[in-house]
Amino acid sequence: MRTLHEEPPPAARTMVRFGREMRQAHFNFAPSYTPLNHGSFGAFPSCVREYQRMLQRETEAKPDTFIRFIYPRLLREAREAVAPLLGAETDEVVFVPNALTAINTVLRNVTYQDGDIILYFSTIYDACLKTIESLEETTGVRGHCIELTYPVEDDEILDRFHTAIREIQRKGKSVKLAMFDTVLTFPGVRFPWESLVPICKEYGILSCIDGAHGIGHIDLSDLTRIGPDFFISNCYKWLMVPRGCAVLYVPYRNQGLIRTTYPTAEGYQPVPHRETLSQTSYFVGLFEKVSTIDTTPYICVIEALKFRNQVCGGEECVRNYCINMAKEGGELMATIMGTEVLENKARTLRDCCFTNVRLPLDVAPEGSQQGRREGKIPADEAKAVADWITIATVNEFDTFIATRYYAGAFWIRISSQIYLERADFEWAANVLLDLCSRVRKGIQSSYD
Amino acid sequence: MGSSNQSSILLDRGSPVLGQRILQHFDFDPKHRNFNHGSFGASPREIRKKLHYYQDLSEARPDQFIRYESPDILNESREALAKLVNAPTDTIVFVLNATTGVNTVLSNIAWNDDGKDEIFYFSTIYGACGKVLDFIVDSSLGRVSSRGITITYPREDEEIVASFKDAIANSAKDGKRPRICIFDTVSSLPAVRFPFEQITKICKEEGILSLVDGAQGVGMIDLDLGALDPDFFVSNCHKWLHVPRACAVLYVPVRNQAMIRSTLPTSHGYIPKSGERFNPLPKRHKSAFVNNFQFVGTLDTSPYLCVKDTIEWRDRVLGGEAKITGYIQTLAREGGKQAAQILGTEVLDNKSGTMSQCATTNVALPLDPEEASPALDWMMERMMEDYNTFIPLFIHNKRSWARISAQVYLEMQDFEWAGQMLLELCGRVKTGEYKMSQAVVG
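Chains A and B supply the protein sequences, listed in that same order. Using the working numbering, read the first sequence as starting at 1 and increasing by one per residue. Using the working numbering, read the second sequence as starting at 1 and increasing by one per residue.
Chain B on its own, in the form it takes in the complex (with noise of 0.2 Å):
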């Protein structure tokens, strides 16, 4: 792995050392290099510690610790995440994953029955929320359609807004109505930061309900919720803030909080509009929008009493969140750079570089995109026996690129071994190797 003092990037005296150093708190395994921090995130030993007291604690006295301790715990959690994005309290819940949270949202909308109601999203959606929308129009009988913004990077800022207007007066000469538009802090492929301060502000002024999904942000960037003031947003915490999975925040400002009728699943919390029914659950919170989500089917939500923790862990022993966004982002930028150096590429970026204020970086493949598609399952492969690690690889604009998730526990020397590993692996396909061995499908 190489000495961590020679290439960490120490922020100022006295303060944690982030890099190969901060390995040692978590549990990867010790030949594998974790470059996909994006996907499913990773939990540091001491926290895992903490889930395990808390599953622990539903062993020794299931009733006890679920319906009467647990909620306690529970809003402990919900006042530290409100904290940390500048929110209210009572209009942070947790779901178990961004996923869940975006569905719960539209799913909650009432369509009106003129058919004119629209779904704005971007081309760059991630997959499964594009499969909410398809859900939702497929079986909304006529009553709403989608509209899809296409992004094709690099863009400029300037450009996506242009295109957001441009959707908005299309769907206007078209007779239809948007309702909603769905939109990313960070999309998922391509990896890169999206304009969501200046959409939400938009979605504002033209009376459109703003659904940001931040699965990539709580951790990685800087959210204040006060000042961005969106309809709804989601985040997930076992990404980048370290929590254990599952475990991801909804937040509904009061304004909007009725009209989230019901949890997905529907709970013990649902309020029909005949009025209030049994709930045999004891400790109700005073907020019904809280309440709805305390209980929603039994779930391990050890993961969620975590979070008060993590927050903690984060402060101590790395140094607090301004200085963990700082480094991510700063060895996103600077390794992605030498990443590419090392390929002969560049990284996937605009002019004015705000697409890259993110912890993550895609790094063009020296690969045309004919060569790349049919080899990228096989490249993945082979990242995973040969190399000992794992890269996303994706097509993009007619380009094949690499996503790599910078983290507390990489450094420069990762980057740059990532960039030899996948010109080696680059060399392979151009020897058409893949093609001699069964695709496996993933």
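Here chain A stands alone, though its shape is the one from the complex (with noise of 0.2 Å):
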């Protein structure tokens, strides 16, 4: 069994092809089950599995020498590795369990007057939402929502931006900090998130990106030139690390805001203390040591990394295959299904590992009895419609497609991954029609 001393064995080091060898070699999938969903979840190789269960086995061999004292070298470590790939300094970087438990610690970090604004556009992730709800119920702050209806131009999306700050700002009202995605979650289309952080300087508004999908899906080395005042990833999707990790980015000029941890925890100090530590000590000593919590998913950043560098050919590597197997993929599913994939005209949003495609699925025209004779589907039935047929995929196929009714249409995700191949994409569309078919002919038949 493999200690933390010990190099892995030179065959775990050969690169793979990508597809279904990459697959066979290094991914834990059941056999029967096409993966097309790793944008919720994630999914880890082997080595990483290996690697975790070895650090487990060394904290129940000796849980306080681990925990206490091989356990923060560790970390370091660890946060060593994933900095550059922020382009950021190692003591700008802290671990959390996940994005959202970031989310919370920036926002309920940053102090409000009464009135103050958080911006934010109606595709933000649910749960974000709800965080600021629940801020709205505990402090003087209220949220401010930018509709947003896909597919959009990037230029329509920043005009949308300014045109809020404005009206907020002609209202008598300051907004405070924006929150805004890189990737969004649906539809899983890259947001111009870029352009965004210099128009809240331009206006000094707190800039949040929540880039649940970021790194190890989209190339983030510039991230501390364009500069905002907080970045968040998750490492348990698309850096292929367990379940569940996470960073926080708050450059130095910034650390000073963050006073506590959610939870508050052993490394808080009340204000007078605080003063007695720099602000960085104080910053990476709050995160060093949040309650007890299974952090080894936090450590095999170290060993994910490896395995996407030697075994992957590095993270270049990795994201063009991703992206272009998503735009390939995508197409394909398109062209089976006789629809379209989503795009905008500057062709921007597809800059990303996800793709969606519209299913051949109409809506029925409002009151259309006609409509339903033709096998359209009624508005008010259109989210059963989209959760039964997620839910068939699971039942009936072994895989996970997630389906929503957007916009007056139906509208599937997938996600593209270096264990998936051209055949998946196929495969799925093959599935996909066949349950569209089965929906247009139920709605047949309950009007017969």
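Read the hints as simulated data drawn from the structure, not as lab findings. Computed from a predicted model, the values in this text were never measured in an experiment. Backbone N, C-alpha and C define an ideal beta-carbon position, used for all residues, glycine too. It cannot be assumed that every hint is accurate.
[As the list claims (entries may be wrong)] Which bits of chain A does chain B cover? Going by a derived footprint, with three or more residues having C-beta under 8 Å, they are: (1) 56-69; (2) 125-131; (3) 217-224; (4) 237-246.
[Unchecked claim] Here are the simulated DSS-like pairs of lysine-lysine, each with C-alpha atoms no more than 27 Å apart in a straight line: (5) B:K83 <-> B:K351; (6) A:K345 <-> A:K327; (7) B:K323 <-> B:K351; (8) B:K173 <-> A:K176; (9) B:K116 <-> B:K176; (10) A:K383 <-> B:K337; (11) A:K173 <-> A:K201; (12) B:K398 <-> B:K337; (13) B:K116 <-> A:K171; (14) B:K283 <-> A:K383; (15) A:K376 <-> A:K306; (16) B:K351 <-> B:K165; (17) B:K116 <-> B:K173; (18) B:K323 <-> B:K337; (19) B:K286 <-> A:K383; (20) B:K173 <-> B:K204; (21) B:K286 <-> B:K308; (22) A:K173 <-> B:K273.
Two chains, two frames, a set of hints: combine them into the complex.
Now the structure itself:
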């Protein structure tokens, strides 16, 4: 059994072709399962699993020795390994269990005056919105939502952002913080966050980037040059680390704003004591031990990066494969289903590892019985249909294809990954064709 | 390690023999003696296999398992734990650890604007929980303050109760309003039993919310939440219940569930005052309180899923909760006395012996505090390097102490060994050996 001090055998370090070969060699999905939804819960290769179990074994062997003395050193190593992916310095990067914890940490540490605004878009991740609503209950801050319906051009997004800020200022209020994504959850599309950050700076607004889909998914080495105030990303998704592990990036200039972790734990110092420490020492110390949890996922970053470098050829290789496969695979699916991929005119949405393809289902015009007869879906049944399709992919086809009724049509989101190839997208399209045909027949027969 | 037959404590004929024989179920380094179960717990191999089993299911079909299957297993574990503590299942949810549980409760209290609210706590409060109070007070802009009640051991229960009543009287004199009191079942340093039943009762009488920090609780002492009826209760499962890290239980009786608005972090289950919103997760629990805690950001919740299996393992392999708590409490008392005898000192206890009604023991070191203080870190390091063990050392009431956690895999012989080891180590301190080496910051 491997211990902390041994290097793995050379066989584990040979490069393997992406696609089915990669899946067989390194991943642990059930053989009959088709993993098309990496974006939700991630997946990690066997070598990372073995590494995690080795860390857990060492913890069980000598709990206090490992947790109190060995772990802090490994934590620093892991932070040193991940910081370069953000183009950041080690002491600007800390680990937390997941993006939601990081978002709560930032949003709850910022202090708000009555009437301050948090600006966000309608595409915000649901639980992030819940966090803002919880803050509305407990502080004087209010959220302000900018509506977006896809497809939309980047310029339009920037315009609406400007407009919203000016509108708020005209009313005599102040935007304290703006929160937006790198890549949206649904639809799974690239968001022009790099262009929004300078606008925030212009107006003196704190920018908090929900990069849940960030590290390992898009190139973030320019992050510090772009200069957001806070950046958050999950590592258990696209960086192939076990659940739960996320990074919180706070540039030196903002570290004084972070007074506590969530939950508050040993590292917290009341104000008078805090002032005896340097800002950075306090910030890094805060996150070193946040009550007892299994922090082996944080350390697994070291092994995951080794895997991605040595077996996958490096971050750029992984990204290029995934993004190109998403584009190709999506187009293939659209061709098979006779529909289209979600894209805007400037073709910026698909610069990510997701593809969103429309299903060949139509919605019946309001009150139209004729529509039903043609197998068109009444709008008030659309959500149920979307849910039915999702569950059917689970129960009948041993996969998971997220289906939603959005902007008058049915869309699916597929996550591309190094363990997938064209054949998987082709298979998915045929599964969906089958399900859609059954939906149409079901609607028709309910009319009869 | 010595023969396990010679000094095992046999409870009755035919029941599992506890003691060193139980080590076979754990994965400690063979040279390591585990005397500090109270800090991070330990989980038997069979349960770790179960943990891996659930983790592998999440890897085999992530969405299937996480969205559709794990909520059902979670509910089974909630039910198993609820039975253990005599509480209704829908008052029991899991959180990562007791500190998170305490944070969750305190951050959900809506403090009054008149600045009269107070949080009561005892000086033996767990460090991180003290920090939570600090943060709440610091960030409340004067709306809430905290009142600490000093306890120096040894103390009789009546004295602690009297101090509590005094604090209530003083609070009233100061024109304040105690909203909530946080107190332990068994404190951390020193690790002694606290008269939590009596304090809970007085809180009820005085209209103060009781937040019982039972971090050292489930699996170590008998807990009847039905009889105790606290306002809030937390306990770690990954300590004395042998569940893998990390898992704790948060108990909130139905009457208080509406107070707990948000989890930490806020997640899908949160229902804003404006009314319900989209929740992407398919399996909704009918109780809004339980549903709120079902998904709190993506975590590996496999430890939560293991709770049912672990309770069953303790029944089958160790002989059940009563046998376990009886064994470890007796061993702590007898073993502590034995170690103290070897050291020529005493165990921290009161005359009525209520402080030692738990599975931890605090044995005085034969060192003056001036000798001990500067050497404590060095001693703990030496324990790891030279003696392959770890025992937390601390100063309380002008004396230095060692805290030893009894466990099902320990027996009297281990406590004798610990006494000898500590004696030798104290001898090395007296010769000034620690002054010659660099102190490493732990």
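Hint-by-hint comparison with the structure:
no.	hint	verdict
1	56-69	holds (count 12)
2	125-131	holds (count 5)
3	217-224	violated (count 0)
4	237-246	holds (count 3)
5	B:K83 <-> B:K351	violated, 34 Å
6	A:K345 <-> A:K327	holds, 15 Å
7	B:K323 <-> B:K351	holds, 26 Å
8	B:K173 <-> A:K176	violated, 41 Å
9	B:K116 <-> B:K176	holds, 5 Å
10	A:K383 <-> B:K337	violated, 68 Å
11	A:K173 <-> A:K201	holds, 17 Å
12	B:K398 <-> B:K337	holds, 20 Å
13	B:K116 <-> A:K171	violated, 35 Å
14	B:K283 <-> A:K383	holds, 16 Å
15	A:K376 <-> A:K306	violated, 51 Å
16	B:K351 <-> B:K165	holds, 22 Å
17	B:K116 <-> B:K173	holds, 12 Å
18	B:K323 <-> B:K337	holds, 21 Å
19	B:K286 <-> A:K383	holds, 21 Å
20	B:K173 <-> B:K204	holds, 20 Å
21	B:K286 <-> B:K308	holds, 21 Å
22	A:K173 <-> B:K273	holds, 23 Å
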